[in-house]
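Asks: Single-letter residue listing:
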Amino acid sequence: MPELKRHDNRLGIWGWLGGGRWGMERYAYILHRVTGLGILAYFLMHICVTSLRAWGIYLWTGEGAFLDAPVFKVGEFLVFSAFAFHAFNGVRLILVELGFAVGKPIEPVYPYKSSLHVQRPLFLAMMVLAAVFFAAGSYEFWHGLAR
Amino acid sequence: MRETKYWTWFMAAGLLILALLGLHMVVMHLGSLTHLFAAHPDQPSVAQANSQARDASLFFTLSYVVLLGAGLFHGLYGLRVVVFELSLKPAAEKALSALLLVVGLGLFGLGTYAAFAAHGRAAGASPAVASVAGASLAGRS
Numbered sequence: 001m002p003e004l005k006r007h008d009n010r011l012g013i014w015g016w017l018g019g020g021r022w023g024m025e026r027y028a029y030i031l032h033r034v035t036g037l038g039i040l041a042y043f044l045m046h047i048c049v050t051s052l053r054a055w056g057i058y059l060w061t062g063e064g065a066f067l068d069a070p071v072f073k074v075g076e077f078l079v080f081s082a083f084a085f086h087a088f089n090g091v092r093l094i095l096v097e098l099g100f101a102v103g104k105p106i107e108p109v110y111p112y113k114s115s116l117h118v119q120r121p122l123f124l125a126m127m128v129l130a131a132v133f134f135a136a137g138s139y140e141f142w143h144g145l146a147r
Numbered sequence: 001m002r003e004t005k006y007w008t009w010f011m012a013a014g015l016l017i018l019a020l021l022g023l024h025m026v027v028m029h030l031g032s033l034t035h036l037f038a039a040h041p042d043q044p045s046v047a048q049a050n051s052q053a054r055d056a057s058l059f060f061t062l063s064y065v066v067l068l069g070a071g072l073f074h075g076l077y078g079l080r081v082v083v084f085e086l087s088l089k090p091a092a093e094k095a096l097s098a099l100l101l102v103v104g105l106g107l108f109g110l111g112t113y114a115a116f117a118a119h120g121r122a123a124g125a126s127p128a129v130a131s132v133a134g135a136s137l138a139g140r141s
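Top line first, the protein sequences correspond to chains A and B. Under the working numbering, think of the first position of the first sequence as 1, with each following residue one higher. Under the working numbering, think of the first position of the second sequence as 1, with each following residue one higher.
Some clues are possibly wrong.
Stated by the list, open to error - Pairs of lysine to aspartate or glutamate residues, derived as EDC-like cross-links and limited to a Cα-Cα distance of at most 20 Å, are as follows:
{"id": "1", "chain 1": "B", "residue 1": "K89", "chain 2": "A", "residue 2": "E97"}
{"id": "2", "chain 1": "B", "residue 1": "K5", "chain 2": "A", "residue 2": "E97"}
{"id": "3", "chain 1": "B", "residue 1": "K94", "chain 2": "A", "residue 2": "D8"}
What the hints assert, rightly or not - The following label-pair restraints were derived from C-beta to C-beta distances:
{"id": "4", "chain 1": "A", "residue 1": "K113", "chain 2": "B", "residue 2": "Q48", "range": "54 to 64 Å"}
{"id": "5", "chain 1": "A", "residue 1": "D8", "chain 2": "B", "residue 2": "V102", "range": "26 to 36 Å"}
{"id": "6", "chain 1": "B", "residue 1": "T112", "chain 2": "A", "residue 2": "L78", "range": "24 to 34 Å"}
{"id": "7", "chain 1": "A", "residue 1": "R120", "chain 2": "B", "residue 2": "A95", "range": "33 to 43 Å"}
{"id": "8", "chain 1": "B", "residue 1": "P41", "chain 2": "A", "residue 2": "G75", "range": "31 to 41 Å"}
{"id": "9", "chain 1": "A", "residue 1": "L52", "chain 2": "B", "residue 2": "P41", "range": "17 to 27 Å"}
If you're looking for bench data, these hints aren't it; they were derived computationally from the structure. Glycine included, every Cβ here is placed at the ideal spot set by N, Cα and C.
Next comes chain B alone, as it looks inside the complex (with noise of 0.2 Å):
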């Protein structure tokens, strides 16, 4: 029944990266196509001055946050899964369980400080960078 929960999570997680990723894959990847959230449209996306932008609103650090939660959960449940079709002993299956939850609290907290760090340098050291962010996100340049 646990595994099951799991599972259940491990899809609605897939479908949550699906969303966050993809905009992210566009934002990054497709940035000359779309200028989709650029600040800076004459630099790439992930020039400095696009990074911090993206940092000064709250809207991206936030998804930077449930997407680091959803695509650790997802990939490393998922490792999880492949790992124990191997047939491993049930010590050695609780040993990489355990590990596994250990790397991704560990990146968790890591992720998230360095979203809010970052959220806090680029809103609070610049307030011009928080002004286009906002601007861009508002469809406005």
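Next up, chain A with everything else stripped away, as it sits in the complex (with noise of 0.2 Å):
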């Protein structure tokens, strides 16, 4: 197999939240790959909490249940809060990767107008479709704390 060609990330992780003067596209991509890192974390301590079921074994429900604990009710809030996020605005990743919502392409003449402009209002859509599902599942945490 060719050996891929490669370039050094002089940047390292600083490379990934250098947002500068980008476009609101730019902060997108930062918490994207934030949540994500945050949902995978919590997914691989969601798998092993849940398996102990097999062995008759609940910690999240019950009398005094370890993960009743407000603490982790708040992590659990912030896990659907990156999962809202991350859901819809992966959607739009994959519709602009797939080729759809980018526009066609055209001369390149001056003022020269960006595919951003033509993806952005795909991005505000999907951002109004998160927000609606933050929003009530925020409604449903605060229902569940007030029980």
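Fit the two chains together into the complex; they arrive one by one in their own frames, and the hints show the way.
Replies: Written out as structure tokens, the structure is:
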């Protein structure tokens, strides 16, 4: 197999986080990575915890359940919020990757028009959907705490 | 070419997760709004009785296994892509790939065993739980 042509990532992790003067899609990219890593960390623990039910152990429910502590509830809410963003932004990324909503190729005539301008309505629509899902989850979360 | 194939699987797994994890989130976190698949609507979605009712359903058991596989591939491959961007040495990349493969297969084995064991316990130990779950899935409760 031929070797891949590689370029040094001299900025390292800062290369991901340094949004600088990029547009909002750049910040969505950073947030997508952060939420993805957060969801993965939770998911790996979630597999271990929920697998205990095979032996009749339910750490997340019942009187004085270990995972019923407020810190875990807040963590769970953060994971839900991360999912709302990551899922809807992920749909946008897949659509763009497959060539949808990027516009048709045009002559590069000054003042140049970026493809990002064509993509932005899709980004905004996905963020609105994520916000609606987040709002419904927030209602459920506070409703659960009040019970 | 191989990486292109993995990347395509990564996107396909993302869409599968969107559907299955979306359902999971609606059931678990919007339960008081939707009461979807709640065999015991008077109790929270995470209550043991509701957990066991879902475990008794073959649909939920199979969906957990598919979600587990898709989630592990999507998550661990995503982590691999992110870490590889840090310009690791080829030997380190190989070691990381092997480690992620072992972790992924190990957790998939554990989760799959647990899903089927919990299904067996819930469906076998208490036929009433299974019948309530079945009624709920059919939209009768």
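Asks: Please go over all the hints and tell whether each is borne out by the structure.
Replies: Hints, verified against the model:
no., hint, in the structure
1, B:K89 x A:E97, "violated, 28 Å"
2, B:K5 x A:E97, "holds, 14 Å"
3, B:K94 x A:D8, "holds, 18 Å"
4, A:K113 x B:Q48: 54 to 64 Å, "holds, 58 Å"
5, A:D8 x B:V102: 26 to 36 Å, "holds, 29 Å"
6, B:T112 x A:L78: 24 to 34 Å, "holds, 28 Å"
7, A:R120 x B:A95: 33 to 43 Å, "holds, 41 Å"
8, B:P41 x A:G75: 31 to 41 Å, "violated, 26 Å"
9, A:L52 x B:P41: 17 to 27 Å, "holds, 26 Å"
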